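Number of protein chains: 4
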Amino acid sequence: MNHFGRLFSVNIYGESHGGGVGVVVDGVKPGIKLSEEDFTYDLSRRKSGGLGTTPRIEDDEIIIDSGIFNGYTTGAPISLRFLNKNTRSKDYSNLVKHPRPSHADFTALCKYDGFNDYRGGGHFSGRITLGIVAAGVIAKKMLEGVKFTTKITNLGGETDSSKFQEVLRNTVMEKDSVGGIVSICVDGVKIGLGEPYFDSIESILSHLLFSVGGVKGVEFGTGFKGASMRGSEFNDPIIDENGKTKTNNNGGINGGISNGNPILINAFVKPTPSIGKTQETYNLINGKIEKLDIEGRHDAAIILRAQVVLESMVAIGLADLKLISDAYKK
Amino acid sequence: MNHFGRLFSVNIYGESHGGGVGVVVDGVKPGIKLSEEDFTYDLSRRKSGGLGTTPRIEDDEIIIDSGIFNGYTTGAPISLRFLNKNTRSKDYSNLVKHPRPSHADFTALCKYDGFNDYRGGGHFSGRITLGIVAAGVIAKKMLEGVKFTTKITNLGGETDSSKFQEVLRNTVMEKDSVGGIVSICVDGVKIGLGEPYFDSIESILSHLLFSVGGVKGVEFGTGFKGASMRGSEFNDPIIDENGKTKTNNNGGINGGISNGNPILINAFVKPTPSIGKTQETYNLINGKIEKLDIEGRHDAAIILRAQVVLESMVAIGLADLKLISDAYKK
Amino acid sequence: MNHFGRLFSVNIYGESHGGGVGVVVDGVKPGIKLSEEDFTYDLSRRKSGGLGTTPRIEDDEIIIDSGIFNGYTTGAPISLRFLNKNTRSKDYSNLVKHPRPSHADFTALCKYDGFNDYRGGGHFSGRITLGIVAAGVIAKKMLEGVKFTTKITNLGGETDSSKFQEVLRNTVMEKDSVGGIVSICVDGVKIGLGEPYFDSIESILSHLLFSVGGVKGVEFGTGFKGASMRGSEFNDPIIDENGKTKTNNNGGINGGISNGNPILINAFVKPTPSIGKTQETYNLINGKIEKLDIEGRHDAAIILRAQVVLESMVAIGLADLKLISDAYKK
Amino acid sequence: MNHFGRLFSVNIYGESHGGGVGVVVDGVKPGIKLSEEDFTYDLSRRKSGGLGTTPRIEDDEIIIDSGIFNGYTTGAPISLRFLNKNTRSKDYSNLVKHPRPSHADFTALCKYDGFNDYRGGGHFSGRITLGIVAAGVIAKKMLEGVKFTTKITNLGGETDSSKFQEVLRNTVMEKDSVGGIVSICVDGVKIGLGEPYFDSIESILSHLLFSVGGVKGVEFGTGFKGASMRGSEFNDPIIDENGKTKTNNNGGINGGISNGNPILINAFVKPTPSIGKTQETYNLINGKIEKLDIEGRHDAAIILRAQVVLESMVAIGLADLKLISDAYKK
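If you're matching them up, the sequences are chains A, B, C and D in order. Anchor point for the first sequence: position 164 equals 1154 in our numbering, and the numbering is continuous, going up by one each time. Anchor point for the second sequence: position 22 equals 1012 in our numbering, and the numbering is continuous, going up by one each time. Anchor point for the third sequence: position 191 equals 1181 in our numbering, and the numbering is continuous, going up by one each time. Anchor point for the fourth sequence: position 278 equals 1268 in our numbering, and the numbering is continuous, going up by one each time.
If you're looking for bench data, these hints aren't it; they were derived computationally from the structure. As the structure is a prediction and not an experimental result, all values here were calculated from the model. Where hints are given, some of them may not hold.
A pair counts as met if it fits within one copy or between any two copies, since identical chains are not told apart.
Stated by the list, open to error - Pairs of lysine-lysine residues, derived as DSSO-like cross-links and limited to a Cα-Cα distance of at most 30 Å, are as follows:
hint: 1; residue 1: Lys1215; residue 2: Lys1141
hint: 2; residue 1: Lys1137; residue 2: Lys1215
hint: 3; residue 1: Lys1236; residue 2: Lys1215
hint: 4; residue 1: Lys1267; residue 2: Lys1236
hint: 5; residue 1: Lys1234; residue 2: Lys1319
hint: 6; residue 1: Lys1281; residue 2: Lys1180
hint: 7; residue 1: Lys1141; residue 2: Lys1180
hint: 8; residue 1: Lys1141; residue 2: Lys1037
hint: 9; residue 1: Lys1236; residue 2: Lys1165
hint: 10; residue 1: Lys1023; residue 2: Lys1320
hint: 11; residue 1: Lys1236; residue 2: Lys1281
Just chain A, with the same shape it has in the complex (with noise of 0.2 Å):
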């Protein structure tokens, strides 16, 4: 449900247009330094503003309520929260009607029988992601030496980085969207995370980067690429003590444990689902398939803005893993 992590742990809570959105984050560990500073950065690399993202710009202030005390971690669990300002007062109850393709807007609407806050997308908006990155900056406290390389490495189906300002310009013209690919590199990651048999790293980091609306697909090192691969050249040879491998095509995981080399994920995000064009859909009053055209305010490109957040929930497993493997250190 809203709760993840065995040891360091995130429950998200809020809806799009309602009060606000939080988390909860408990697990975390005494005497870490912290304070409201610290979540600007990520925060501001979530925030809306550029081409691509959408013009509601909500301020993002960080309010902390508990789990802080002269400025350190207590041990106890950190409330975030963020208010809802920037909310348009206008009427949503034509989703009821008319479920938008590709949305949650119909099988939320089945599973909650019709009492799920639809304003916004509700609980599924992508504003609940704020909760994620203030429990992601916690969670890189706790990975001491671990440095995250976070970029998008496919928009749209162009994999060359100096076009995609151009892409965008097009998109945003169109009145389409565009999806692509985030690749997260993770460095200094200790030889022993992860726990198999279930809670293999990549189980644990799959888990959490699907559950971000949009991720469909996830894959480690050379990922489905290496089908066409024979062992002989898939496989990494060790060439030093430390474990260093030569080729990293398992991308830093092997039997599901670190193996000390760069983890290595790419996770597809699928275009943003809200676009400008009219599209078709079901109406589920009258029974007709009708031309649809969404208004308010959207991101042609939701992955620009996700990228901080699959960072966080990489960063919020590797926590758990890590904590779950000091448990078990001489």
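Chain A is fixed; fit chains B, C and D onto it per the hints.
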């Protein structure tokens, strides 16, 4: 660790060369007709024997220790076991010195301080998946009306299935190995399975799939190919009151919840790491890079036998999500 | 840690002198009518004000941040908060030097390396129970037909309730404190709640009850008094087809499963550790045993306010067990 | 359900008259010396044989299937099993008609729709506790420096242990049964175990203790007797820098966290429900209240054999809490 599932849960154990392998399945509905014969078909799909599979043949006879009474499940945990019979008492200590590339040898050695059972991969052996297949059989019994269609859609880069035998012949001849892509289509899943935020269908299924050794990629619907699509193309318009969609690029899942259309899953299985060809690896004792010849009986294409294992994992995840969903039914 | 529940779950946070306290309640059925007023009655039962309770009076106004839409639960997590208003900005650093006897001061200091928020007990404060009471209100809404009767049956050794005011008067006069026994009778629980082996009703309820500060004993049915009974006397003969029993020495539970008879629970709440009387304690700085006078506003009989908290815990546990049981209903 | 523990976890299964009973223990540290002989002592403490115990004698030989290699734990799950040998093939269908008072017969029948294995109590049989004792042996190995002292302090109302044989003789003669109180003192637990809010030591231990059939009361320190004490008397003054207290009314736990003093636990075990004396019960078939004579081999004082089971449960809980605590060590 070795336990997964909130209500329908599995707990696995065992090693390749120990007494045997097994699984304890809990949270099973009482009153399901179940006997040894019910396991025969799926266990046979996992068996070796054909081209590209290991010559180590075990009879894989299932032993039911508990949870069945008068031919029906009782609601108590079901213990299922398999004896290890056809183990060769050879010297495996070589593996400690020479960790095999792309295997768990090195990471397990580090993580478990050298105490892991390394014979035949120990707890990391594919033999553990016997318990998964057995648990999957029970899971399927709890998923009335659900149908699984599982096949290999890419074998060593080849996507034309009529040429797979050729790929295998060449691979075996070259003393090499191949991986590929397993595609699973699940029909008949009702609308409403999946528990966002964290327990989306994709999260639960990927968690389970990535715990299988060798799985390095999981995607739903179009998967990574969707990176080249525009939103207007990717979105799946609803065309009837049951939520049927014109296309199924989302793979039957919206917002982490099943939408009533077939659930489409691809999993990339890496080439079997054990190959007959000479490889290089680091000698942990003398600090030199040395030639490594892996003896023993191995699968040139473990993906052949992995199909039913991955299908079983999907069944296990869906059975758990179905129970959770049922808890909230009126 | 701060999360409990398999399906219906609660996640609490907050400190006595921080921004506030709160709870995130997840796994709630959609479609339950719920507004701020629903919490008034149980929150008022927890309030101070009467003889034997602290003069610190907070208005305990509940703030609902999420999970409610148009007056009904949505199925998304419900965030409930309470601000801390009436906190005295005095110097609490004394507690670090002089850990108060029978409080968490010393153990928290050690466990959290001195980083815990010690002001007013911090996360160990009874103020945290506001979230429990709020969660309990929702739990009760999910338990249709279930009725709770909660009372004090022993106050400082006195079992005649007509003399409780006298006990309180004497205790306050002596600047001392009393504990006692809270007895909860739960009527209307259907047969079949409880998930042996480990999640028997007794296990789940005691787990929750013992997490309330000051609870040091939990018993069901006759409880410890049954040690003097013979089996022939203790056994509860079934007398009708609904499982009604002649006696109820087992407290409505057999084999960890509700048997349809009233569930009978006693919980021992220890005397409030904060007393006005001079005590002795160890001075961690100078290593001497010194006199300690605890200032501040305290409850001479926290048990008075604990009643509704314990009742809420029972409701939380039963709501979770009911959902699990419902998952297996035909 | 049948799984407990966050890191150190146990998963039990089995029935009284099925193939056997067992436990899978996960989260065990690698490198612990462990062989069959290590289980002998505690298993012998659980054995029948003496006055007041059942004449059904099983050899209780332990079978280790996995998780041990070269005499040491490997870090992989340990499967431990016991065969059922001495089962009498008599007709138990009587129990369906005549549910035995104070047994799980009636509740299990209802909960599992009549599919439960009722022979000898099935999954509710005390025989299941073999797995608990076995898991406890491993738990104790993970608790270096911790010492358990377990004894009966009340047998059928008698608290003078020199008269216990007399109590047993009388009880057996009367074809009746007795319960009593098991007292466990745990020495050597370091300061800092326990994970408030919800996973206080008391919560975890009571959860485990109450899952043992027949336990109907758990208290720490003075327990219920403390209801008569004033705070000034109940509070335990700290007298040295290690947190040693003058008295130990709190039973070694403050705020749900171990304080370094001995942990004191009492558990009330109800009189064995199976008695030789004629009882009354409801006949579910004909709707009449009828005489019931329970045949078979039973314990007049199951509490005698329960001692080591309860001690094992405490060890299991402490081992898990110790690992969690270790995860946060510097």
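At 30 Å max between alpha carbons, let me know whether Lys1137 reaches Lys1215 within a copy, between copies, both or neither. Both. Shortest intra-copy (25 Å) and inter-copy (29 Å) distances satisfy the 30 Å Cα cut-off.
Evaluate Lys1281 and Lys1180 at a C-alpha cut-off of 30 Å and name the case that applies: within, between, both or neither. between (54 Å within a copy, 27 Å between copies)
Between the shortest in-copy and the shortest cross-copy C-alpha distance, which are at most 30 Å for Lys1236 and Lys1281: within, between, both, or neither? Classified as between; 15 Å across copies, 55 Å inside a copy.
Could you figure out if Lys1267 and Lys1236 sit no more than 30 Å apart (CA to CA) within one copy, between two copies, both or neither? between (48 Å within a copy, 18 Å between copies)
Have a look at Lys1141 and Lys1180 and pick one of within, between, both or neither, based on CA distance no larger than 30 Å. within (23 Å within a copy, 37 Å between copies)
Homo-oligomer pair classification [Lys1037, Lys1141; C-alpha up to 30 Å]: within (16 Å within a copy, 42 Å between copies)
Intra- versus inter-subunit Cα pairing at 30 Å for Lys1215 with Lys1141: both (19 Å within a copy, 18 Å between copies)
Is it within a copy, between copies, both, or neither that the alpha carbon of Lys1236 lies no farther than 30 Å from that of Lys1215? both (18 Å within a copy, 29 Å between copies)
Tell me, please, which holds for Lys1234 and Lys1319 at an alpha-carbon limit of 30 Å: within, between, both or neither? Both ways: Lys1234 and Lys1319 sit 22 Å apart in one copy and 29 Å across, limit 30 Å.
Have a look at Lys1236 and Lys1165 and pick one of within, between, both or neither, based on CA distance no larger than 30 Å. Between copies only: 21 Å across, 45 Å inside.
Within, between, both or neither, where Lys1023 and Lys1320 count as close if Cα-Cα is 30 Å or less: Both. Shortest intra-copy (26 Å) and inter-copy (15 Å) distances satisfy the 30 Å Cα cut-off.
In the structure shown, no violation is registered for any of the earlier numbered hints.
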